[in-house]
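Take the two lone chains and join them into the complex the hints point to.
Going down the list, the sequences are from chains A and B.
Quick note: the first sequence, position 161, residue 161 per our numbering, numbers continuous.
Going from the second sequence to our numbering is simple: count from 1 and add 313.
Worth flagging that the hints you see were computed from the coordinates, not collected in a lab.
The reader is advised that the hints may include incorrect statements.
Chain B stretches covered by chain A per the calculated footprint, using a threshold of three residues with CB under 8 Å from any CB of chain A [what the hints assert, rightly or not]:
1. 394–400
2. 407–414
3. 425–439
4. 531–538
Here are the simulated BS3-like pairs of lysine-lysine, each with C-alpha atoms no more than 25 Å apart in a straight line [claimed, not checked]:
5. B:K462 / A:K5
6. B:K516 / B:K334
7. B:K465 / A:K290
8. B:K454 / B:K465
9. B:K425 / B:K448
10. B:K385 / B:K334
11. B:K324 / B:K334
12. B:K561 / A:K290
13. B:K467 / B:K448
Heads up, the beta-carbon is just placed ideally off N, CA and C, and yes, glycines get one too.
Okay, here's what each chain looks like letter by letter:
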Amino acid sequence: MKKSKSFWVFLVLSIIAYSVIQYLITYQIIDSLYSNMIILITINIILAVSLHLVIGITGQFSIGHAGFLAVGAYVSAIVTMKFQLPFPVAIIAGGVVAALAGLLVGIPTLRLRGDYLAIATLGFAEIIRIFFLNIDYVGGAAGMQVSHLTTWTSAFICLFITILVIVNFTNSRHGRAAISIRENEIAADAMGINTTYYKVAAFAIGSLFAGIAGALQAHNFYIISPTNFGFLKSFDILIFVVLGGLGSLSGSVIAAVFLTIVSTYLQDYPSTRMIIYSLVLVIVMLYRPKGLMGTLEITDLFKRKGGGPNDKK
Amino acid sequence: MTKNDGLLQVKGAGIQFGGLKAVSEINMELNRGELIGLIGPNGAGKTTTFNMLTGVYAPTEGEIFFAGKKLKGLKPYQVTRRGISRTFQNIRLFNELTVLDNVKVAYHSLAKHSMLSSIFRLPSHFAGEREMEEKSIEFLKIFQLERYKDEKAKNLPYGQQRRLEIARALAAGPQLLLLDEPAAGMNPQETHELMELIAFIRKQFDLTILLIEHDMPLVMGICERIYVLDHGQLIAEGTPDVIRNHPKVIEAYLGEEVAE
Numbered sequence: 001m002k003k004s005k006s007f008w009v010f011l012v013l014s015i016i017a018y019s020v021i022q023y024l025i026t027y028q029i030i031d032s033l034y035s036n037m038i039i040l041i042t043i044n045i046i047l048a049v050s051l052h053l054v055i056g057i058t059g060q061f062s063i064g065h066a067g068f069l070a071v072g073a074y075v076s077a078i079v080t081m082k083f084q085l086p087f088p089v090a091i092i093a094g095g096v097v098a099a100l101a102g103l104l105v106g107i108p109t110l111r112l113r114g115d116y117l118a119i120a121t122l123g124f125a126e127i128i129r130i131f132f133l134n135i136d137y138v139g140g141a142a143g144m145q146v147s148h149l150t151t152w153t154s155a156f157i158c159l160f161i162t163i164l165v166i167v168n169f170t171n172s173r174h175g176r177a178a179i180s181i182r183e184n185e186i187a188a189d190a191m192g193i194n195t196t197y198y199k200v201a202a203f204a205i206g207s208l209f210a211g212i213a214g215a216l217q218a219h220n221f222y223i224i225s226p227t228n229f230g231f232l233k234s235f236d237i238l239i240f241v242v243l244g245g246l247g248s249l250s251g252s253v254i255a256a257v258f259l260t261i262v263s264t265y266l267q268d269y270p271s272t273r274m275i276i277y278s279l280v281l282v283i284v285m286l287y288r289p290k291g292l293m294g295t296l297e298i299t300d301l302f303k304r305k306g307g308g309p310n311d312k313k
Numbered sequence: 314m315t316k317n318d319g320l321l322q323v324k325g326a327g328i329q330f331g332g333l334k335a336v337s338e339i340n341m342e343l344n345r346g347e348l349i350g351l352i353g354p355n356g357a358g359k360t361t362t363f364n365m366l367t368g369v370y371a372p373t374e375g376e377i378f379f380a381g382k383k384l385k386g387l388k389p390y391q392v393t394r395r396g397i398s399r400t401f402q403n404i405r406l407f408n409e410l411t412v413l414d415n416v417k418v419a420y421h422s423l424a425k426h427s428m429l430s431s432i433f434r435l436p437s438h439f440a441g442e443r444e445m446e447e448k449s450i451e452f453l454k455i456f457q458l459e460r461y462k463d464e465k466a467k468n469l470p471y472g473q474q475r476r477l478e479i480a481r482a483l484a485a486g487p488q489l490l491l492l493d494e495p496a497a498g499m500n501p502q503e504t505h506e507l508m509e510l511i512a513f514i515r516k517q518f519d520l521t522i523l524l525i526e527h528d529m530p531l532v533m534g535i536c537e538r539i540y541v542l543d544h545g546q547l548i549a550e551g552t553p554d555v556i557r558n559h560p561k562v563i564e565a566y567l568g569e570e571v572a573e
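Only chain B is shown next, with the shape it has when bound in the complex (with noise of 0.2 Å):
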């Protein structure tokens, strides 16, 4: 394991909408390799430091590097394309597009051909198609996804689209992934399958993760760290071991002992 290899360092970033901090002070370090997880109450600002790291929003303060260098001011599609990719809390999939056609979208940009080519059909268009769909196919097959590949989207059962939603963020080529509660509305044995799934992507892709859940069994289970928010803020950070029994923790998430 080659730890103390810095992959994303997040230095007192915050953001605030007019008057109101959404989130502050976050300082975070994530090591290449590591799975952590976020955790928090409702409105703590999880999905907003996603959103800060992802460039949805521009940090107001502080500072992000990933691999070395700043991620301010960079739109979504460049920071993807430096490398982090994400899933979404309410998910996003494009609906109409068939599911093999959703993973050729997160290939897009590892795709060269110009539109140029694809107009005229240059033989330049039809290598680099060709060479996405057979790569796109091999991701299908990796998350058996490969029958359901002329459905459209909007078509699969539930627990598929949360699949085909990992399969597109990882098909972007990304060293750093983030999921946005990927086990939300899962059934138990969904989300064991579930479990597995993300420990295996991380051994095959060679994946750092950062993911966001409410189930505890989940994230005590698989996460190495774990940082969590309450109020825009980090509040502690550490193993399972030691956010289970973390006192500001046990206080965000049951309320403080009334004095008698």
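Excised from the complex, chain A in its bound form (with noise of 0.2 Å):
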């Protein structure tokens, strides 16, 4: 029963969040610079969350999940602008056709291991890529001019949805074959688990949310083009896995928040941005070497302070 009782503080604490930061919005005690910013730490928090069940949880090192960003925010700014159907219906569309791409990309790739993986994934994200500047229906090199529909309600409850389903999933009998198959994929094959099948679910989870997130950002800066999905893009959601700690969900949710804070601020700076984001991922893998949170999560530290329910019986 503690599960369930986790949840309702999960969900508590979510909605105390959700209201306050609604309220400083609807009364625009924050300008919308920093609203904007907000709506871009939820984005890549999703994305982050998104990546680390591929990678954290299932151990498969992919870095082309910006080519599932590229296809959630396509097929979503499509159904916007060119259906005319609202924007739930492009989110939704926008995962789902995300979700059938990581199928689509997954099965053949996922055989490999290791570094073949890494390069068959940003190989895969590549061909999404100039798959869309070819195309000229949604604008080719030049891009695509999208409304503006993402407010702070719609990113959140994608947040909420995504981190819920992952929990959800990494708590369970399939998470857990996923962590084995992180942890010695033979031995977890020889225990019965149909390992093709896990990271290939896994990997789909993951794109649908990626997918999410890309219809979230398609709506919220007015053009997409395919330059916003290179592979760099990639490298930016692997750093929030890899800085928060391989395996913490908690953790890459602090990284995302953390290095979109950052990455915002030196906006100011351009000429030495680059620098300083280097040298803080740089220092930070210097300190923490398995990242901020290592493989706990944040409920793990509050067990250890208070007590928790191990320590009881």
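Right, here's the structure in full:
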């Protein structure tokens, strides 16, 4: 029963966080720069958490996440701009098509391991980008105009669902199967786990949420173009996961928040921006080589301090 | 005892990597309830034989039948679901998972709740997880590992890791258990405990066991029959007494007597 108790705590905390920020935005206590940064943070958290499922949980080193972000962005933009359908439909369509793309890419590539998988996913992401670059229907290299529809409310709902689904997946026999693949694929196989199935499933779920993040991002920036989805974007997402600590969901969330804030503030210093950003990364990796959180979750920290359920028994 | 009740039949199985014959013409017959040893010098092909039985490598020749059905072409996880599970020569635990979760992973394919039921936290998820938890704890109790259940597997002492690996293999619900050098790196005391454990689980779970081992007192002490491999071929088969005095076995281990 302690699982459902932590769910209610999570729900209450999220509602409080949502209301506070909604209040700040409605009464314009924070200006559009900050409200935009908050939406950007939300999108980045969704991306980080979805890639965390693939790399941190299942242990499949994919560096093509921007490809699925692009699929979600373009598909959702087509749904709202060309078919004039409502935004929620666009979000769902973006997610579903990205998940299908994830299946399509995942089934052949997830047979590969380590560096080979990384190169293959990188390649597929580039193929997706070039594909959109050459389609005149979506504006080609010039990009596509998209109306601004993303609000704090829609971004927050997507974030909430993302975290809930990924946490629920992780804390079940399916999540354990995925972790066992990360820990030792040969042993997982020998214990009766269909490793290919779980790798592809995790990859597809990760792509689904990357697609949703793409939909939010497309409707936040007024314009999308293929240059937004290059492999540097994939590395940005990868950095969230690695810096947060491989295998730690709260780590990826914290890293996404931290790095988004850092890079937003550094926009005032365009000439030194990338130098400082890189220095921050180097310093964190020097002092916390396993990432900010290691493999721990935020909830583990509370357990130690307050004497968690394990201590009582 | 139900003798002549064949559980595993290996008929002329062999495996070739490119031009290299790793093992060839392996003929084995395991009856239900037997405890069989597989010995041989280093590099004789013992672990390759295990990998062939568990689907890690597909045999390039011959056939393998388990409980009357062909095993050839099945993936390792399918072989495990048919009822063969194994341990590894170099321990392969899920290090970052707790002891309890290690056993739960093995119990995975026996649980039924779907991925969607877990994501939406439907009642079947809770029922399924609770059952897994109870069964896994039961398993840990049998192996006296219960007090370590929330410990990460990598933090266990070596002997307990070996024990956990056997517990995990059994949680997958096998009829045939393959143990790859279970006593490697153990001291005499631990080896003795292991022998007792093997005898115990065999009775408790009604198992057939095939084990690879270099520790001769252990093999001779508990195995009913022994197969001897050398250079990828079976050179002898029989009871411990027969094997001990078999000229080919002595030759394989000690070398040929020099003619004067």
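Do the hints match the structure? See the list:
Given as covered by chain A, the region 394–400 of chain B passes the check, having 3 residues with a CB less than 8 Å from a CB of that chain where 3 are the minimum. With 5 residues carrying a beta carbon less than 8 Å from a beta carbon of chain A, the region 407–414 of chain B meets the three-residue requirement, and the given coverage holds. Interface restraint, the region 425–439 of chain B with chain A: holds (7 residues with C-beta to C-beta distance below 8 Å; minimum three). With 0 residues carrying a beta carbon less than 8 Å from a beta carbon of chain A, the region 531–538 of chain B misses the three-residue requirement, and the given coverage is violated.
This hinted pair checks out: K462 of chain B and K5 of chain A have alpha carbons roughly 23 Å apart, not beyond 25 Å. Of the pairs offered as hints, the one joining K516 of chain B and K334 of chain B is violated, with about 37 Å between alpha carbons and a cut-off of 25 Å exceeded. Distance check on the hinted pair: K465 of chain B and K290 of chain A sit about 17 Å apart at the alpha-carbon level, within 25 Å; holds. For the given pair, K454 of chain B sits about 17 Å from K465 of chain B by alpha-carbon distance, which is consistent with the 25 Å threshold.
With a C-alpha separation of about 14 Å, the suggested pair K425 of chain B and K448 of chain B falls inside the 25 Å cut-off, and the hint holds. A distance of roughly 18 Å separates the Cα atoms of K385 of chain B and K334 of chain B; the hinted pair therefore holds under the 25 Å criterion. A distance of roughly 16 Å separates the Cα atoms of K324 of chain B and K334 of chain B; the hinted pair therefore holds under the 25 Å criterion. The suggested pairing of K561 of chain B with K290 of chain A is violated, with an alpha-carbon distance near 54 Å, which exceeds 25 Å.
The hinted pair formed by K467 of chain B and K448 of chain B meets the criterion: a straight-line CA distance of about 22 Å does not exceed 25 Å.
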